[in-house]
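Number of protein chains: 2
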Amino acid sequence: MIRSTTIAAAVFCAAFIPAHAGKSVESAPNGINIPQGYKDWRAIAPSHRTDNNTLRLILGNDVAIKAAREGKTNPWPDGTILAKLVWKDRQDENWAAATVPGAFVHAEFMIKDGTKYQTTGGWGFARWLGAEQKPYGKDADFVQECFGCHTPVKTRDYVFTTPVILP
Amino acid sequence: MIRSTTIAAAVFCAAFIPAHAGKSVESAPNGINIPQGYKDWRAIAPSHRTDNNTLRLILGNDVAIKAAREGKTNPWPDGTILAKLVWKDRQDENWAAATVPGAFVHAEFMIKDGTKYQTTGGWGFARWLGAEQKPYGKDADFVQECFGCHTPVKTRDYVFTTPVILP
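Same order as they appear, the protein sequences are chains A and B. Residue 1621 in our numbering is what sits at position 146 of the first sequence, and the numbering runs on without skipping anything. Residue 1597 in our numbering is what sits at position 122 of the second sequence, and the numbering runs on without skipping anything.
Hints are computed from structural coordinates only; laboratory data are not their basis. Don't take each hint at face value.
For identical chains, the list gives no copy identity; a pair is met inside one copy or between any two copies.
[Claimed, not checked] Distance condition first, Cα-Cα at most 20 Å in a straight line; then the derived DMTMM-like pairs of lysine to aspartate or glutamate:
1) K1629 <-> D1526
2) K1514 <-> E1545
3) K1591 <-> D1553
4) K1591 <-> E1607
5) K1629 <-> D1567
6) K1609 <-> E1545
7) K1541 <-> D1588
8) K1609 <-> D1588
9) K1547 <-> D1515
10) K1591 <-> D1567
11) K1559 <-> D1515
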């Protein structure tokens, strides 16, 4: 019984190991490591930016999804991680009025820790560029660019995205 | 040992029970039931349609995600379920050039079973409208509308969406 339970648990867990597990991705200049398994996270919302022609998908870790579904996102709780996946947009080849993802641009993250990231609104920021996942920023000061862009939505706890409502 | 394993498994599973579990949703006119837990599925791709002003997010069950990540989607394997979540689009209130999800429109599904759904390309179709999740279609013939719209992409196994590539 113990044996079969253990085997079943191992098989179950194996299905949740992300494909990139074990692949080495360099830390961001502020010391943040790329969150493991982010591409298996659940959706917070899609969006489309026509100023830089990108389609985006914001995902959240379990803490974020729980907060989003309970409507408790101002502030988002400590432990929240939001992932923003960004692709260049392109016209779909079979539906002219549809814009769909093209080349992958980057993955961005906001990590909520009110103590650790007190000087940037309680959020740690990091970005990894392209398929090669190159860390963004020459030094740790790159976060001022992130924080500056998010400051206009300070009253929304620095987050632009409104989580989708689903039945 | 058995007891602690069982308790741990129960706690783990509880975290994955979707919020709508137990809520009664009427079957589609062709007998298809709404797939349980679909809003916890992983992402296949976002898209934006400017002919009907909707933002969309296509999710897949575990079979679909495995196929998508392995590039084995023509044909998609039996057991695949694709969920398309659709919202009216709207301009973001804090970023004028961003289009974000507005009101929820409907959830649509394609269920792959080459035997069961042989007459419609191996796919079962169903749609539930709005927050109230009302089944779409007066009778089982509604699937001809779905199938007709997807027939132009027969050479892509009737699926418009190209799964995103992620590092």
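Status of each hint after checking the structure:
1. K1629 <-> D1526: For K1629 and D1526, neither the intra-copy (22 Å) nor the inter-copy (34 Å) Cα distance is at most 20 Å.
2. K1514 <-> E1545: between (22 Å within a copy, 15 Å between copies)
3. K1591 <-> D1553: Close inside one copy (10 Å), not across copies (47 Å); limit 20 Å.
4. K1591 <-> E1607: neither (28 Å within a copy, 42 Å between copies)
5. K1629 <-> D1567: Classified as between: cross-chain Cα gap 16 Å, same-chain 36 Å, threshold 20 Å.
6. K1609 <-> E1545: neither (35 Å within a copy, 24 Å between copies)
7. K1541 <-> D1588: Within. Shortest intra-copy distance 17 Å satisfies the 20 Å Cα cut-off; inter-copy 33 Å does not.
8. K1609 <-> D1588: The answer is neither: 24 Å in one copy and 41 Å across copies each exceed 20 Å.
9. K1547 <-> D1515: For K1547 and D1515, only the inter-copy Cα distance (18 Å) is at most 20 Å; the intra-copy one is 22 Å.
10. K1591 <-> D1567: neither (43 Å within a copy, 30 Å between copies)
11. K1559 <-> D1515: both (13 Å within a copy, 17 Å between copies)
Hints 1, 4, 6, 8, 10, counting from the list given before, are not met by this structure.
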